[in-house]
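Participant: The lines below spell out each chain.
2 protein chains.
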Amino acid sequence: MTTAMVEKYKAFHRLLNKTSRTLVDRRFRQQGQCARGGSAASGLDHRPDAVVEQRVSYLGCPKRGLWTSARASLPSLVDGGFARDYPMNRCRSFGSVAGEIQRSSKFATLNSDDVAHFKEILGERNVVQDERLEAANSDWMHKYVGSSRILLLPKSTDEVSRILKYCNSRCLAVVPQGGNTGLVGGSVPVFDEVIINMALMKQVISFDKISGILVCEAGCILEDLISFLDNQGFVMPLDLGAKGSCQIGGNVATNAGGLRLIRYGSLHGNVLGLEVVLANGDVLDMLGTLRKDNTGYDLKHLFIGSEGSLGIITKVSILTPPKLSSVNIAFLACQDYLSCQKLLLEAKRSLGEILSAFEFMDSVAMDVVLNNLDGVRNPLAPTAHNFYVLIETTGTEESYDKEKLEKFLVGSMESGLISDGVLAQDINQASAFWRLREGVPESLQRAGAVYKYDLSLPVEKMYDLVVEMRARLGESVKVVGYGHLGDGNLHLNISAPKYDDAILAQIEPFVYEWTSNHRGSISAEHGVGLMKANKIFYSKSPEAVQLMASIKKLVDPKTILNPYKVLPHSLMSYS
Amino acid sequence: MTTAMVEKYKAFHRLLNKTSRTLVDRRFRQQGQCARGGSAASGLDHRPDAVVEQRVSYLGCPKRGLWTSARASLPSLVDGGFARDYPMNRCRSFGSVAGEIQRSSKFATLNSDDVAHFKEILGERNVVQDERLEAANSDWMHKYVGSSRILLLPKSTDEVSRILKYCNSRCLAVVPQGGNTGLVGGSVPVFDEVIINMALMKQVISFDKISGILVCEAGCILEDLISFLDNQGFVMPLDLGAKGSCQIGGNVATNAGGLRLIRYGSLHGNVLGLEVVLANGDVLDMLGTLRKDNTGYDLKHLFIGSEGSLGIITKVSILTPPKLSSVNIAFLACQDYLSCQKLLLEAKRSLGEILSAFEFMDSVAMDVVLNNLDGVRNPLAPTAHNFYVLIETTGTEESYDKEKLEKFLVGSMESGLISDGVLAQDINQASAFWRLREGVPESLQRAGAVYKYDLSLPVEKMYDLVVEMRARLGESVKVVGYGHLGDGNLHLNISAPKYDDAILAQIEPFVYEWTSNHRGSISAEHGVGLMKANKIFYSKSPEAVQLMASIKKLVDPKTILNPYKVLPHSLMSYS
Numbered sequence: 001m002t003t004a005m006v007e008k009y010k011a012f013h014r015l016l017n018k019t020s021r022t023l024v025d026r027r028f029r030q031q032g033q034c035a036r037g038g039s040a041a042s043g044l045d046h047r048p049d050a051v052v053e054q055r056v057s058y059l060g061c062p063k064r065g066l067w068t069s070a071r072a073s074l075p076s077l078v079d080g081g082f083a084r085d086y087p088m089n090r091c092r093s094f095g096s097v098a099g100e101i102q103r104s105s106k107f108a109t110l111n112s113d114d115v116a117h118f119k120e121i122l123g124e125r126n127v128v129q130d131e132r133l134e135a136a137n138s139d140w141m142h143k144y145v146g147s148s149r150i151l152l153l154p155k156s157t158d159e160v161s162r163i164l165k166y167c168n169s170r171c172l173a174v175v176p177q178g179g180n181t182g183l184v185g186g187s188v189p190v191f192d193e194v195i196i197n198m199a200l201m202k203q204v205i206s207f208d209k210i211s212g213i214l215v216c217e218a219g220c221i222l223e224d225l226i227s228f229l230d231n232q233g234f235v236m237p238l239d240l241g242a243k244g245s246c247q248i249g250g251n252v253a254t255n256a257g258g259l260r261l262i263r264y265g266s267l268h269g270n271v272l273g274l275e276v277v278l279a280n281g282d283v284l285d286m287l288g289t290l291r292k293d294n295t296g297y298d299l300k301h302l303f304i305g306s307e308g309s310l311g312i313i314t315k316v317s318i319l320t321p322p323k324l325s326s327v328n329i330a331f332l333a334c335q336d337y338l339s340c341q342k343l344l345l346e347a348k349r350s351l352g353e354i355l356s357a358f359e360f361m362d363s364v365a366m367d368v369v370l371n372n373l374d375g376v377r378n379p380l381a382p383t384a385h386n387f388y389v390l391i392e393t394t395g396t397e398e399s400y401d402k403e404k405l406e407k408f409l410v411g412s413m414e415s416g417l418i419s420d421g422v423l424a425q426d427i428n429q430a431s432a433f434w435r436l437r438e439g440v441p442e443s444l445q446r447a448g449a450v451y452k453y454d455l456s457l458p459v460e461k462m463y464d465l466v467v468e469m470r471a472r473l474g475e476s477v478k479v480v481g482y483g484h485l486g487d488g489n490l491h492l493n494i495s496a497p498k499y500d501d502a503i504l505a506q507i508e509p510f511v512y513e514w515t516s517n518h519r520g521s522i523s524a525e526h527g528v529g530l531m532k533a534n535k536i537f538y539s540k541s542p543e544a545v546q547l548m549a550s551i552k553k554l555v556d557p558k559t560i561l562n563p564y565k566v567l568p569h570s571l572m573s574y575s
Numbered sequence: 001m002t003t004a005m006v007e008k009y010k011a012f013h014r015l016l017n018k019t020s021r022t023l024v025d026r027r028f029r030q031q032g033q034c035a036r037g038g039s040a041a042s043g044l045d046h047r048p049d050a051v052v053e054q055r056v057s058y059l060g061c062p063k064r065g066l067w068t069s070a071r072a073s074l075p076s077l078v079d080g081g082f083a084r085d086y087p088m089n090r091c092r093s094f095g096s097v098a099g100e101i102q103r104s105s106k107f108a109t110l111n112s113d114d115v116a117h118f119k120e121i122l123g124e125r126n127v128v129q130d131e132r133l134e135a136a137n138s139d140w141m142h143k144y145v146g147s148s149r150i151l152l153l154p155k156s157t158d159e160v161s162r163i164l165k166y167c168n169s170r171c172l173a174v175v176p177q178g179g180n181t182g183l184v185g186g187s188v189p190v191f192d193e194v195i196i197n198m199a200l201m202k203q204v205i206s207f208d209k210i211s212g213i214l215v216c217e218a219g220c221i222l223e224d225l226i227s228f229l230d231n232q233g234f235v236m237p238l239d240l241g242a243k244g245s246c247q248i249g250g251n252v253a254t255n256a257g258g259l260r261l262i263r264y265g266s267l268h269g270n271v272l273g274l275e276v277v278l279a280n281g282d283v284l285d286m287l288g289t290l291r292k293d294n295t296g297y298d299l300k301h302l303f304i305g306s307e308g309s310l311g312i313i314t315k316v317s318i319l320t321p322p323k324l325s326s327v328n329i330a331f332l333a334c335q336d337y338l339s340c341q342k343l344l345l346e347a348k349r350s351l352g353e354i355l356s357a358f359e360f361m362d363s364v365a366m367d368v369v370l371n372n373l374d375g376v377r378n379p380l381a382p383t384a385h386n387f388y389v390l391i392e393t394t395g396t397e398e399s400y401d402k403e404k405l406e407k408f409l410v411g412s413m414e415s416g417l418i419s420d421g422v423l424a425q426d427i428n429q430a431s432a433f434w435r436l437r438e439g440v441p442e443s444l445q446r447a448g449a450v451y452k453y454d455l456s457l458p459v460e461k462m463y464d465l466v467v468e469m470r471a472r473l474g475e476s477v478k479v480v481g482y483g484h485l486g487d488g489n490l491h492l493n494i495s496a497p498k499y500d501d502a503i504l505a506q507i508e509p510f511v512y513e514w515t516s517n518h519r520g521s522i523s524a525e526h527g528v529g530l531m532k533a534n535k536i537f538y539s540k541s542p543e544a545v546q547l548m549a550s551i552k553k554l555v556d557p558k559t560i561l562n563p564y565k566v567l568p569h570s571l572m573s574y575s
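So the sequence lines, in the order shown, correspond to chains A and B. The numbering of the first sequence is full-length UniProt numbering, which starts it at 1 and goes up by one. The numbering of the second sequence is full-length UniProt numbering, which starts it at 1 and goes up by one.
Chain A extracted, bound-state conformation (with noise of 0.2 Å):
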């Protein structure tokens, strides 16, 4: 060891001993999002993360509602009028969609005869055309609005079932609807679709405490869902910002990422089966509970992440992982890039098992936070640093994964592979190193225009399109790249003076066209819905996208089930 090293290890681990001493309770996580309530800075990144929020009322669920945008700041997204106001011929969308879209001609229009079968099947009260309809008809953010005319809550499969056999003979379109907290306009009608949503159907149906396979309906909220397994000594393999009203369905049916994925892997590996209802109405049961069932194709898999455009998820089984109560948070200042590729490689191996977080942040973003946030603090020397990691391990053994962690920390050190690092000694200073990470979003936001992107790259090439973005942009953006390290998933974001059409020029389509060429993913975790329909190609080959194509009409051949998203208009028949 050179001289040099030894100081460097000295001075880490008199860090160490300062800091180190206490430990992390999984529980901080949770206050912690309670303590911010309503705040952008929730970080997950599944919920659209640059404005101030603040939570509604919806579906008569008043102690939970969308994360839905304050209107005052976003002036630029929100218009007054509500759907009932809009023609039904014509979509309203801010942002990517390319250009206006038609209403397709060949799907009927809503009439009465309609709603009084619909009563006839849900009830009178289960079919909603009151002021629910204006929540139900926007995202939170109200960057897309449509206007239907009518909201359905089917309490049963049969009742699901019954609307689909109905609307398909009728060509009537249909939106199906959890929790609307999406970012990509999958959620809400473009037009008059019917809108199907699954709030009613919350019940849980079964819960294996050996196996640890959860079956539930698929109106049931996330968060209630956490609570139920956490009762039990088990955890949720997927969590969300936007848990509070994200509904597992909808959760599945978009592939929702989330903050578990590094260490629980995505919900193809953790969702064992689903319940589905066709456009026609037929119920296809994949409602499997078995690790293991190799007959034949495995055909829940097509419905994971097709955004409602397949059928209607009514059932989930989930394999749930025991909880692990011992929770250890280290901030990292790394002078390089490739330094925190090794870190990253490094962690895996020594963390190995316990490793549950490792995210990243540049030094514009880091500058950007300590600006734009209050009582946010940088708790590493006041030296320059060029990136920041944050790692998180979970465990079984409080004392033991301390101890792993210090000598991964007190390693790394020593190799050159981290310059500066502090340990979470209790929940407040976790809480405020997920703070500085989570905060990216939201001080963006305060600091001007965002134009952002979400992107998955191999992890080696993920920061060169944020120095090229750089030099093709220069100073008069901030180019800020952050995001989760470990599942190699960017969020690069420019942040500028205003919103100019000049600078998107610049940004699009050179940003796709960039991920493209390093056979990256336009879309990381939050779907195509109706925004990014149209580029699909980007990311996936044509014979690909022709297959998905034919497959969407095979299962549902009138294009009822959420029409215009997911797929690119040129092949689907919409006219």
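It is possible that part of the hints are untrue.
In this list, chains with the same sequence are indistinguishable; a pair is considered to hold if it fits within one copy or across any two.
What the hints assert, rightly or not - Think about it this way: if two alpha-carbon atoms lie no more than 20 Å apart in a straight line, the pair counts; the simulated EDC-like pairs of lysine to aspartate or glutamate are: (1) K155 - D114; (2) K106 - E460; (3) K202 - D230; (4) K452 - D501; (5) K461 - D113; (6) K209 - D464; (7) K498 - E414; (8) K155 - D285; (9) K323 - E346; (10) K348 - D224; (11) K498 - D130; (12) K165 - E543; (13) K348 - D230.
Simulated from the structure, these hints should not be mistaken for laboratory data.
Using the hints provided, position chain B relative to the given structure of chain A.
Facilitator: Okay, now just chain B, sitting in the frame of chain A:
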């Protein structure tokens, strides 16, 4: 703590002190397997587990081979005739195939023009019509014997594409083949199908040491990939007894399970991308290397477990975890099945992130092993125990993991879940413990005729089937239950002095009906193939099977890919 519990605690603690001081290196497993060579004792249950075997040279790879049964040991299954002696319009198979089926007249018959065309595509050398056809025409058990007249060995995706395009235009039926180590007749011709074996496509294309993502051709031997990754400090999330022969493309096509499933999950979670050639020769590029990608339907899952009936997998991208160095094994006794279940729950909770195997066998299985295998002994006190459990942990820190396991075992002893137990103190002892569990199939085979069933069932119901079967069949046979308890995978074996139709009639269809009534799977990990194509309704709903058939016809309208397999003949047009 009661006096009895104190005594139990002391007794167990003495046992721990006696046996637990040496750490077990991960390598013992591989060494153990090498030492056992070609014996049937792989215990991975992914190659048939009840025969004495030997390795044979195959496809010019003398160092590797199929696991093939010694003919003398299986007189009832083996016939002297090979493919070329057998009429090509008849199929021959043993066991559960529902009656004889006829070759479909819609498929063309190979002619000299076809052969010339294949030679033009592949070159003379890789169009095989010599004695190597024998091995390719039969599975390693000689349970299924086809009569193909040609074996094609493509070297590239383009060659596969050109072959399939030609076969589709000619309506020549095709059987895709990997290592041909399957158990259900999925990888051998039923009649005279053209065999396309992927053995020459065995290049590693890329490996990303940061993300652990491996991209390789489909013909890579699993063991080669394991070695390659071992040198890089990573492991495959898949391990099978047939690893010396099986190919990764075949593993993916059959959604192979194996030993690491409890820890790393299924291939649906680990495979990140595929390149597949469709029946018409179109290359479907889904070869993503991203952990997150939510752009459209995730089509690769259709091909995982499709057993070559939807396309030929040519390249695979897979997420591999870092190699962990610390492995510990415990062999335990439980008094009842409920205790086994509770122990599983406690193991998941207490060992959490380091648990890597949880296997069980009942006392009948133990008796069969002790009575029929040489050199084995019960390491526990000679008291009668009803159930035995093998627990393996794998982690990063030897001392931590060991201590954690010991603490868990002492706690389980105190609470009465386990009545006796021992920790492996060295490689030999660990190997001996695994030998007991892995030796069940081999010892059953030595004991006489065996009726074997590989079932997935809810863990709490799993052993009820063994009990019911025992009551149903009486004293004249031995009903044995063992398997991967942690995965809910039961191996139900019935040992009788000789094969007897009356016994079979007592077992089937009862066993399938029972499994179906409990929402189990009649094939946990072996697939459907030819053997269970007409039994799929026991595990899948009519609507689901109908959709599978529709997708099959959409993707392969002429049904040239692996005909007669996977899907029930009643839904396909083979006549």
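Participant: Does each hint fit the structure? Answer for all of them.
Facilitator: How the hints compare with the structure:
For the identical chains of this complex, K155 and D114 are intra-copy neighbours only, at 19 Å inside a copy versus 59 Å across copies, given an alpha-carbon limit of 20 Å. Neither within a single protomer nor between protomers do K106 and E460 lie at most 20 Å apart by alpha-carbon distance, with minima of 48 Å and 51 Å respectively. In this homomeric assembly, K202 and D230 come within 20 Å of each other (Cα to Cα) only inside a single copy, at 17 Å, whereas the closest approach across copies is 46 Å. Taking the closest pair of Cα atoms, K452 and D501 come within 20 Å of each other only inside a single copy of the chain (14 Å); across copies the shortest separation is 68 Å, beyond that limit.
Taking the shortest alpha-carbon separations for K461 and D113, neither the intra-copy value of 57 Å nor the inter-copy value of 49 Å comes in at or below 20 Å. For the identical chains of this complex, K209 and D464 are inter-copy neighbours only, at 18 Å across copies versus 46 Å inside a copy, given an alpha-carbon limit of 20 Å. In this assembly of identical chains, the alpha carbons of K498 and E414 never lie at most 20 Å apart, being 44 Å within a copy and 67 Å across copies at closest. In this homomeric assembly, K155 and D285 come within 20 Å of each other (Cα to Cα) only inside a single copy, at 18 Å, whereas the closest approach across copies is 41 Å.
In this homomeric assembly, K323 and E346 come within 20 Å of each other (Cα to Cα) only across copies, at 11 Å, whereas the closest approach inside a single copy is 25 Å. In this assembly of identical chains, K348 and D224 lie within 20 Å of each other by CA distance neither inside one copy nor across copies; the values are 31 Å within and 23 Å between. Taking the shortest Cα distances, K498 and D130 never come within 20 Å of each other, neither inside one copy (38 Å) nor across copies (73 Å). For the homomeric pair K165 and E543, the shortest alpha-carbon distance between copies (15 Å) is at most 20 Å, but the shortest distance inside one copy (31 Å) is not.
Within a single copy, K348 and D230 get their C-alpha atoms only as close as 27 Å, which misses the 20 Å cut-off; across copies the closest is 15 Å, which meets it.
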